[in-house]
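Chemist: The lines below spell out each chain.
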Amino acid sequence: MSMHGGPMRRPGGPMGGGGPMGMGMGASDAKAQDFRGSLARFGRRLRPERWIVSFVLLLGTGSVFLAVLGPKLLGNATNVIFEGVISQMIPAGVTQQQAEAALRAQGQDSQADMLASMTVSPGAGVDFSQLSRVLALVVVVYALSSFLSWAQNYLMAGVTNRTMFRLREEVDHKLGRLPLRYFDSSSRGDVLSRVTNDIDNIATTLQQTLTQLITSILTVIGVLAMMLWISPLLAVISLLTVPLSFWITMMIAKRSQPHFVAQWQWTGRLNGQVEESFTGLELVKVFGHRTRSVADFDAANERVYESSFRAQFISGIIQPALMVVSNLNYVAIAVIGGMRVASGSMSLGDVQAFIQYSRQFTMPITQIAGVANLLQSGVASVERVFELLDEAEEAPDADPARRPDRVSGRINFDDVSFRYLPDAPLIDGFRLDVHPGEIVAIVGPTGAGKTTLVNLLMRFYDVDAGAILIEGVPTMQMRRDDVRRAFGMVLQDTWLFEGTIRDNIAYGAESPTDDQIESAAQAARVDHFVRTLPDGYETVLTEGGANISAGERQLLTIARAFLANPPVLILDEATSSVDTRTEVLIQQAMAELRSGRTAFVIAHRLSTIRNADTIVVLEQGRIVEQGDHDELMEARGAYYRLYQSQFDEPEEAA
Amino acid sequence: MKNLLVAYLRPHWRILIGIALLLLVQAIGNLVLPTLMADIINQGVVTGDTSYILEVGGIMLLMSVLVGVASVVTVYFSARTSMRFGRDIRRDLFRRVQTFSLAQMHRFGVPSLITRNTNDVQQIQMLVMVGLTMMVLAPVTAIGGVVMALRTDVQLSALLLVIVPLMLIAIGVMVSRAVPLFRSMQVKVDRVNGVLRENLAGIRVIRAFVRTAHEEERFALANDELTTVSLKVTRLFALIFPTLMLIMNLALVATIWFGGHLIANGSMPIGNLFAFQSYIMQILFSVMMAVMTMMMVPRAAASAERIQAVLEAEPEITDPVASADLPRVGRLELRNVSFRYPGAQDPVLQEISCVFEPGRTTAIVGGTGSGKSTLTNLLPRLLDVTDGAILVDGVDIRNIPLDDLWSLFGIVPQRAFLFGGTIASNVRFGREDASDEQVWQALEVAQAREFVDQLPGLLDAPVDQGGVNFSGGQRQRLAIARCIVRDPLVYLFDDSFSALDYTTDARLRAALAHRTHDRTVIIVAQRISTIINADRIIVLDGGRVVGSGTHEELIDSCEPYREIVASQAQLEGTR
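Chains as they are written, first to last, in this note's numbering: chain A, 101 to 754; chain B, 408 to 982.
Take these hints with a grain of salt, some might be off.
Label-pair restraints from in silico Cβ distances [claimed, not checked]:
id: 1; chain 1: A; residue 1: 357; chain 2: B; residue 2: 461; range: 39 to 45 Å
id: 2; chain 1: B; residue 1: 749; chain 2: A; residue 2: 610; range: 48 to 54 Å
id: 3; chain 1: B; residue 1: 558; chain 2: A; residue 2: 342; range: 53 to 59 Å
id: 4; chain 1: B; residue 1: 413; chain 2: A; residue 2: 633; range: 46 to 52 Å
id: 5; chain 1: B; residue 1: 715; chain 2: A; residue 2: 519; range: 28 to 34 Å
id: 6; chain 1: A; residue 1: 225; chain 2: B; residue 2: 450; range: 20 to 26 Å
id: 7; chain 1: B; residue 1: 729; chain 2: A; residue 2: 357; range: 52 to 58 Å
id: 8; chain 1: B; residue 1: 580; chain 2: A; residue 2: 459; range: 53 to 59 Å
id: 9; chain 1: A; residue 1: 225; chain 2: B; residue 2: 705; range: 50 to 56 Å
id: 10; chain 1: A; residue 1: 329; chain 2: B; residue 2: 469; range: 56 to 62 Å
To list a few chain A residues with every Cβ distance to chain B over 10 Å, as calculated [stated by the list, open to error]:
id: 11; residue: 140
id: 12; residue: 219
id: 13; residue: 280
id: 14; residue: 283
id: 15; residue: 295
id: 16; residue: 342
id: 17; residue: 354
id: 18; residue: 529
id: 19; residue: 562
id: 20; residue: 625
No lab work stands behind these hints: they were computed from the structure. These figures come from a predicted structure and were not determined experimentally. Glycine included, every Cβ here is placed at the ideal spot set by N, Cα and C.
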């Protein structure tokens, strides 16, 4: 989501929220659970900036004060002109009192009252030197107000951006300290949405709400004060329109809300349908579903139209309705103000100022309402991010940590017990001694949990009881990093990042030379392929490495392992549809990688399994058998059955 | 963009005229209100005529209610029109894409087509919605404002010649600086999110290679870059509001100063000062609104272009004019078939001739890029041959109505795709009137019964969109069940067993053999064990048939086949 996409989609927002993307926007329509608590907690994150924030508040107060003063001063300017006009009506030489008396004599009492409230020097006309003084002051006041407002926003930009920088950094560091268990047990989409969409949403909220909220509240207070000062009567009339405006907004918003919800839901459904029928178009065609798919689409499309039309229309009423209210207010001020000027109890400039104030009054109020809305969604995001930050971290490394002097590849499982869920024991009292250079094959049907052993070896998960020892040192007493440095891992789920092929191979070591990288590639039999690419080692891989084939990706990860040169290997053999030639290359590269190293192989190949020193057989996540090929065949257990079913048929047929 | 707007707004032209008229009423109403206010001051306040004030006040009230009603009606019609506009474009886009060939789908790309039908339509619909009001209201108010200002006082109106250009320049400068910054910021946001996405996807690898610190550096760099650009954007925005406010306020000051002179020499009544101030504000607000609407145009235009590209793409594969009878046997014959993607240098398939007989299983093997998948797409006319012909029961498939042709086939594509819904709805996708029993039977043959039996809800167990809540092997088996329940004359399996382990693969093929004994079965595969029992194996290499026969025959006669078998045997360690 873009940094500035969020607020456009709020119901009743400035654009009326023409419809959300529908899916993947979990953040925006959620409500915060502990609004105040989370807000306060987020507020504490601004602590490092508290001096700047205080200064910003000061600037904001100054800016608003001056902006509020402006209309009143402009009103004074109008008064100067008005008095000048009146003064011209009185012949020079007549005093103000005489003119008043003359008016009363003519029965024009109200005009006499108006004159009495002014100070005019008859016949003088408009006092332009006074006018220029007043206006110069106004210009200074407005210029200063704008300057302060700019300074306030400028400083606040720094505060918000620095705060977001720190939050992003903190979240990223947190991800580095969370246990694998967290990532395995929560959906990647959800975590991703927290660290991207939610943080973007917070950034938008922070940037849009904080200064606006401060300015709006201060403006409301300031304007209210000025209005009361100028004319308490008019102020009361204007104030009456405030709850009226609020009530109208709330009523309409409440009515449009279900339509917005329907619009989101149906848009999501529609997008889902589009996605499905385009992705599976050949199925839709061949299985004869074109008519039905069009009918389904039309139905959802019609619902989207109806709900979005209603939502847009109903929320679109708010603006005109508020305009009518504001015009009502305007008329009321004009009429009552005009009558009071005529009766001399108010100056014309004040009426003018008052009209401007009443206009300034409604804007911040609607803004506050909008900000409150935005804040709801922002705080909901804040909560989701805090939830992530509050997740339990990995237990700290042992201190002081032990470290084997030299890792030759001796690994022992000593009475290891482990379970993912408390009431579902998976591995119980598992013992296995692996000598340097031995091969351990891990076999079992798809989904039997072959990765559990990998998880324990690499200390992605910690054993519940017993110990895994590297060269006699329990891994629990070692630093995790040291444990992991002992292993090289080549998984089927190849992971390449966005960057050059060179950088991707170089990932295996701290700062390898080009020669080292290329000889690793040669050993992995991928050097030739890389050199056929137009940019060779500088070819940029896209995210996930989608622009090269699955087999080549696997070769690159093997090259990575060669470069890392670990004493112990964890290998996952390829099964996915890799073409035969590449598969041969992968096999050769893996065999070479394996030579002289202790290896744990998640095996599919007979050759690997037969040569293995130990075979560990898993079923439904549990270790059911272990031994070498001959022992297990003799035992006629799970391995025997697996072996029969898997490998007999091709042999017989051939 | 113009064509699209014209085409889809033309049906609503009466309403559009109505909207324009209503907007005119609003604009005039908004412009008359300040004039009435001036009258109250000039003729009411200055002369102390209270009844005049009340009378004009009443007129003002009526005016504002009228304007309010007019805007509600406008909102009604503009919302209806713009939402219909979006609905109709979506409808036509969807229908058009349904006629696309596979080649066209590839050319546009599925994700891009999805975006065009969703976000792009949204963009342009938004512009229509805002434009329907702003495009009329802003110019009418601005022009009306200028006219009224001129009527009020020609000399004072000269101020507009300074203020409006000043405003335009200020907005122009800031917008032109903001647009590239926004684009750059979007890139940086994507970068930060990209690093996070990579970190989540590769968490095991990162930890295995002890590269957490390195990843944190990478992230810090991206975060730093984002913060720098974002700071620039927010600081630029910090400037916009105060600047515009300053210009407006200075306009007010200037009005009073110059107006004061005009009032002093008697050429303008004082009440007009108020009216004039209102006009200036309205003109400036209209200019701002117009600029903001204009800012939406480039994005919407780009969207419109993408939408039009789809709407203007003619379907490549169409129904025949004169239609042949529905074939009843399912014997497929390829005669000298060649295929070449438009613009491609080399053909994917060259002069392929072969026959797929009912009651026999034919396998197609070959390396990546040998043209296997293209061949399977040609058979049901998802692509059209560029040379030669494909015949079903002796009839050229191009002479058979598409729906009839497709009714012969059951396909299992390479990427097992499931639709959101339930297990039952996915299997019944193959045949809508299948009974529960038939569905279970199909699941059983596809070796899916076992895991479906364990799902809560059994046949009604939910399937997420794309089938993401099932493993690759489970998805393949469900896709196969979908094909089996259809009981088609021709079964087309495009590498459909790759995610299954050997045991399941073998069991599935054994069960399938019973169901398909009198059907035409075509299997594309990588694994030799999957196809070893086929009645005939066709070996493709570089788009040509290089061998055809049984496993034994090919072992003896076909070198490329021997290579494939040998390499796999070496992998399996069975020889």
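Chemist: Hint by hint, say whether it matches the structure.
Modeler: Against the structure, the hints come out as follows:
| no. | hint | verdict |
| --- | --- | --- |
| 1 | 357(A) <-> 461(B): 39 to 45 Å | holds (41 Å) |
| 2 | 749(B) <-> 610(A): 48 to 54 Å | holds (49 Å) |
| 3 | 558(B) <-> 342(A): 53 to 59 Å | violated (35 Å) |
| 4 | 413(B) <-> 633(A): 46 to 52 Å | holds (48 Å) |
| 5 | 715(B) <-> 519(A): 28 to 34 Å | violated (59 Å) |
| 6 | 225(A) <-> 450(B): 20 to 26 Å | holds (22 Å) |
| 7 | 729(B) <-> 357(A): 52 to 58 Å | holds (57 Å) |
| 8 | 580(B) <-> 459(A): 53 to 59 Å | violated (27 Å) |
| 9 | 225(A) <-> 705(B): 50 to 56 Å | holds (54 Å) |
| 10 | 329(A) <-> 469(B): 56 to 62 Å | violated (32 Å) |
| 11 | 140 | holds (24 Å) |
| 12 | 219 | holds (17 Å) |
| 13 | 280 | violated (7 Å) |
| 14 | 283 | violated (6 Å) |
| 15 | 295 | violated (5 Å) |
| 16 | 342 | holds (18 Å) |
| 17 | 354 | holds (18 Å) |
| 18 | 529 | holds (27 Å) |
| 19 | 562 | holds (13 Å) |
| 20 | 625 | holds (14 Å) |
Hint violations for this structure: numbers 3, 5, 8, 10, 13, 14 and 15, all remaining hints satisfied.
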